[in-house]
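Residue numbers (numbering that gives the first Met the number 0), protein chains in the order written: chain A, 0 to 292; chain B, 0 to 292; chain C, 0 to 292; chain D, 0 to 292.
Since the hints were made in silico from the structure, they are not lab data.
Some hints could be false.
[What the hints assert, rightly or not] Using C-beta positions, here's what the derived DEER-type ranges look like:
hint : chain 1 : residue 1 : chain 2 : residue 2 : range
1    : A       : 95        : D       : 218       : 57 to 63 angstroms
2    : B       : 212       : C       : 193       : 37 to 43 angstroms
3    : D       : 196       : A       : 247       : 31 to 37 angstroms
4    : D       : 196       : B       : 141       : 45 to 51 angstroms
5    : C       : 274       : D       : 209       : 34 to 40 angstroms
6    : A       : 247       : B       : 82        : 38 to 44 angstroms
We put the CB at the ideal spot given by N, CA and C, even for glycine.
Protein chains: 4
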Amino acid sequence: MTVTLADLNRMDLAAFEAAVGESFELAPWVAAASHAKRPFATVSDLHAVMMGAVRAAPRDTQLAFLRNHPDLAGKAARAGAITDDSKDEQASAGLDTLSEEEFVRFHRLNDAYKAKFGFPFIVCVRRHTRDSILVQFERRLGHDQATEFAAALQEVFFITRLRIAGKVTGEGMPNVNGRLSTHVLDTHAGRPAIGVAIELYEFTGEKAHYIQSAITNADGRTDQPLIGGRPLPIGRYEVRFAVGDHFRRRGIEAGDPPFLDIVPLRFSVAEPEGHYHVPLLCTPWSYSTYRGS
Amino acid sequence: MTVTLADLNRMDLAAFEAAVGESFELAPWVAAASHAKRPFATVSDLHAVMMGAVRAAPRDTQLAFLRNHPDLAGKAARAGAITDDSKDEQASAGLDTLSEEEFVRFHRLNDAYKAKFGFPFIVCVRRHTRDSILVQFERRLGHDQATEFAAALQEVFFITRLRIAGKVTGEGMPNVNGRLSTHVLDTHAGRPAIGVAIELYEFTGEKAHYIQSAITNADGRTDQPLIGGRPLPIGRYEVRFAVGDHFRRRGIEAGDPPFLDIVPLRFSVAEPEGHYHVPLLCTPWSYSTYRGS
Amino acid sequence: MTVTLADLNRMDLAAFEAAVGESFELAPWVAAASHAKRPFATVSDLHAVMMGAVRAAPRDTQLAFLRNHPDLAGKAARAGAITDDSKDEQASAGLDTLSEEEFVRFHRLNDAYKAKFGFPFIVCVRRHTRDSILVQFERRLGHDQATEFAAALQEVFFITRLRIAGKVTGEGMPNVNGRLSTHVLDTHAGRPAIGVAIELYEFTGEKAHYIQSAITNADGRTDQPLIGGRPLPIGRYEVRFAVGDHFRRRGIEAGDPPFLDIVPLRFSVAEPEGHYHVPLLCTPWSYSTYRGS
Amino acid sequence: MTVTLADLNRMDLAAFEAAVGESFELAPWVAAASHAKRPFATVSDLHAVMMGAVRAAPRDTQLAFLRNHPDLAGKAARAGAITDDSKDEQASAGLDTLSEEEFVRFHRLNDAYKAKFGFPFIVCVRRHTRDSILVQFERRLGHDQATEFAAALQEVFFITRLRIAGKVTGEGMPNVNGRLSTHVLDTHAGRPAIGVAIELYEFTGEKAHYIQSAITNADGRTDQPLIGGRPLPIGRYEVRFAVGDHFRRRGIEAGDPPFLDIVPLRFSVAEPEGHYHVPLLCTPWSYSTYRGS
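Same shape as in the complex, but just chain A:
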C-alpha cells in the first residue's frame, strides 16, 4: 500500500501516523513530531524531517528507540513478534533461513553487542549481503559507545529511507536504488555478443550462491539490469559468461576444450546506491573488464 506525497500532505495526524508512522520502529512519536511540518516538497524532505525529529529527541528517547529494534535473526523474528517491515528486511538477506549453527553465531554476536552497547545491533540489511552483515557486526563490536551510537542511528536512517521510499510516491524520491549492469562485446567480430548466457552469483564465505540468469540481447546487454530497483547489497559477486558457447556458435576454433569457456568476473559492491557497470570485452583468447559507467 503506497500513498502519494500530495495525499500525505493533506492528512490529519491520525491518518498521517497510520500511513508512515510505522517506518520508524515502534516510534509513532517521530511521525507525530513531523506532521506539523507539512507540506513536504519532496519525499526526501519528508524523510529529512523525520530524521530531524529523531536527532532532536533527548538521548534517553533515542536510546529507548534503538532498544525497541528487534534482534537481527533473533528469537523475536523467529517467533514472528516484529513488524512486517522488519520481517521482510531480514528475509532479504536470508536471515530468516539461517542454519542452527549460523543462528547460534548471530545470537552470540547479538548478546556480546547488547552487553557492550545496551541496545541491539541495527543494520540496514537490504544494503548488505549476509557476508557483509557479519563483517559489519564484528567491525562495529570494536567501536566505542559514541561512535556506535551514531552508527546505529545512521543505519536507522538507511532503513527508514527505504521504508519511506516504499510507502510514499511523489516528487524528489530519495536515492535508494543501485544498479548492476553488464555488456558483452565480441572484439573478435567487432560487435556486441548476442545470446550469451550470464549467471550472477553472490558469495557467502567461499561459497557462490546462484542469484539469477540472463541472456544478452542484440545490443550485447541484458534487457533488465542484473540487479536494479533496489539497493545493491554490499558484498562479493561473480558474474559468469558462457563465452565458449558464443564462439562455438560462431564457428570459431579455439582449442578442444576451448581456451575460454565460462569466464567469471569477480568483484565487490561497496556503494548500495551506486551504478556498477561491469562489461566483458572478449575474444576466444583474451578478455578484459572494468568498472564502467
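Based on the hints, put chains B, C and D in the right spot on chain A.
Chains B, C and D only, in chain A's frame:
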C-alpha cells in the same frame, strides 16, 4: 634410473631390453626389434624406431599388445599387478584415489569399451586431468573400430614417448613438456606487481581443486612456472590473484570492500606440450588477460 | 526548405515536381513517373518508388541521365553551372577548394573515366572523404562497363536518398546518418575522465586535417557525437585525447615527460550510416580501445 | 679505440692520461688526480673516482672546467674546434644539422644562459631528443645559480659516464644503456603476430621524424630492440604497426577500408637508462598497450 643415449647405443641386446624394454607395456619385442637399428642420433629417433616396430607388427600382434595394457583405475591397478610406470601414471591424474562411486563409473566405462573394441581403454593419463579422461572415454566410446584402434596406438605412443624421455638422456629429446606461466602487471603504477599471492586450481566438474601457490617476484613473475617440466594435463584451470591485498599494501583506496579482491582467471589447456602464458594486467578497477607467448 | 510527406502526398504534379523533382539531377521525369504512386506511407517508400522509376527506364534514358551529372570537381562546378545540391555536396568533401595540382589530377581521372564508360564519374561525395573519393575513382576505373553502370546508379541512389531525406520530413525516414562517438574512462580512478580535451582529425594521404574539438563531460562522453546527423565519410580518422593533462590535474606522477600525453586513436570508417563508438580506457601507463556499440 | 680496465690499471700517468684524460673536457687534471687511486675494481669505480676529483676541486677550478665546455650547436662546433667526443655527441641529437632558424634560437638561448650563469649550457645530449634539449634549456634558464651549477656538474657526470663506458671495457660497467622493445600479440588468433611492419618515429614539436623500421619475428618481437645499446633519448615517440596488412594476410574481413590499418602508439621516454617495453595486443577491432617489463 636414467641412461644416456651414448651408453644405450653401445649396449648389447639384453642390456638394451633391460634399459628401455619396459617402456612398451609387456612388449619386450619392441625393444628387441629396435636394437638392430642402433646407433640412434637422438632420443626422438630412438622413440621413432620403437614406434616403427609397433606399426610394422602384424595386426594380431598389435591387438595382443593393446590387450596387455591394464584397465584404467582397474582392479589390477588396485591390486598392484601392473608395471611401476603404469602405477605412477595413473596416480598422476588421481586415478589411484577414486571414490567408490567414481571407481564404479570407470569400471562400467571400461567394461563397455572392452565389450565394443576388444581391448582396454588406453589414454596417456599424464596428458589429461581426471575430467578430461572422462570426456575422452565417452567420446572414444562413440568411435568405430578402425578409428579407435588408431587412437589407442596414438595414446600408446604418447605414453611411451614420456617413458623414453624419462629413462634416456641425450641429444634431441622428444618434446613432452608444457609450461603454464603468468605475469602480473600493475598498470595503475606502470610496473610489475610484486608479492602478489597466486593460487592454481584444476576443475573436476564444478569443483576447483587446489594445486599450488606462488608469489610474484620483482619482475611480476613466479620464480618457477605454475606448471613446468611435465605435460600440462588437458582440462580446465583457474588461477587466482590476490590483487586486493596488493593494492591495499600500496595504500590505494578502491572501496570497502575493494572492487577487486581475488581475481580468478579461468581457462582450458588443450595442448599438453604447449606454452600457456596467462598474464594479468590490472588496476584496482579493471583487469585483462590473454593467451600470451 | 523542407516539405512534409503528408503535404507531398496531397500535391498536384507541378507542385510535386517543384518539391522533389530536382533530387534526381536534371531528371524531372523521375518525379513525374512517381507522382501517380502517391500516397507514400514513408519517406523511404517515396525514394524507393523514385529509384524504381529509374530502374524501369530504358537503358538509353538511364545513360542520358547519368551523362547529365556534372564532373566531380569539374569546370562546370568551378563555373557554378551545376545544381545547388551538387554544389553543396562537392563542397562537403572539399572538392571546391582543390589545389591546382589536385584539380588537374581529378580532371585527368575524369577524362579517363568518361573515355572508358561514356558518362562522368558519379559518387555520393557526402559519404566519402577526399581520400576515399580518389580510392573509389581508381578502383572503379578498373571495372567493366556493366559493373560500373550498376555502380554509378547505386551512387545516384545514395545521392538522391540524402537529397530526399533533406527535403522531405515524415514517417519512415531513410537511414542516412552515421555517428562517431567516444567515451573516456579513467581506469586508474575507476570513473569517467572529465574535462579531457579531444581533437578529431581526418587523413588525406599522410596529412591529418583538423576537423573539430570537444571536451568530455561528467560522464566521460562528449555532449554531441564527434560526427552525427550526417553520413560518416568513408576514410581514415584520428581522435587525439589529452590524457597527460587529465592525469596532471589529478596529481598523478607518471614520468617527466609523462609516459602518455596525447593519445591518438587511428581508425577507418567503412559504413557511412553506421555507429562508430571508439572509447578510450586509460591509466597513466596503459590504454585500450575498441569498436564498441 | 677501447682499453681494458686491466690494462688501464697497469698504465703509467702519461698512458693513463692519453687513454681517459679527454673524457673530462679539456681537463687532464681530472685523470691526473685519479691515476694514484689505481687499481680500480670496476669501470664504475674509475668513473666515481674521476667524479670525486671534480667534486673535490676548488670552486674556481670547477667553474673554469665548466667554462671550457663548448656551446651547444655553437660556432665552435660548426668550425670543428671542439673535441671529437663533443662533436659526435652533438651530432647524436641532430645539433650539427640545425636549420639557420634553429641555429639562431640555440644561439640566443646560449647567450642568455651564459649571461646569467657565466658558463655555457651543458647537457648530456645523448640522453635527450632535440625537443627535450630545448625543454631543458628553458627550464634550466629559470634556475638559481647554485641549483644550476649542480645541474651542470650532474650533466658533466652523465656525459663522462658515457665517454668512459665507451673507452674502457671490464668488470662493473656503468649502466648507461636503455632499451625500447615491443611485442605484437594477435588476440584474434591467440598467438604472436608475425611479419608485422613496425616504424619508429621521434617527435620534434608536432613533426614525427622517422628513425627506423623492423618486422616482427616468429615470436611477435623484433630481432633487435627498437633502441638498444645506448641511452634512450628523453622525448616523445611513436611506434606505428601495420596491423591492417597483418589481418589482410590472414584473410580477415574488417571493413573496406579496414577499421584498423596503421596503429600508432605514442608515448614519452623519461628514463634514458630504463627499459621501455611497449607491446601491442590487437584484433581487427580493438587494441591495447601498456608500459610492460
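Verification of the supplied hints:
For the pair residue 95 of chain A and residue 218 of chain D, the beta carbons lie near 59 angstroms from each other, so the given range of 57 to 63 angstroms is met. Between residue 212 of chain B and residue 193 of chain C the C-beta distance comes to about 41 angstroms, which sits within the given range of 37 to 43 angstroms. Between residue 196 of chain D and residue 247 of chain A the C-beta distance comes to about 34 angstroms, which sits within the given range of 31 to 37 angstroms. Between residue 196 of chain D and residue 141 of chain B the CB atoms are about 47 angstroms apart, so this pair conforms to the stated range of 45 to 51 angstroms.
One distance hint, 34 to 40 angstroms for the beta-carbon pair residue 274 of chain C and residue 209 of chain D, holds here, with the actual separation near 36 angstroms. The given range of 38 to 44 angstroms is respected by residue 247 of chain A and residue 82 of chain B, whose C-beta atoms sit roughly 40 angstroms from each other.
Of the numbered hints stated above, none is contradicted by the structure.
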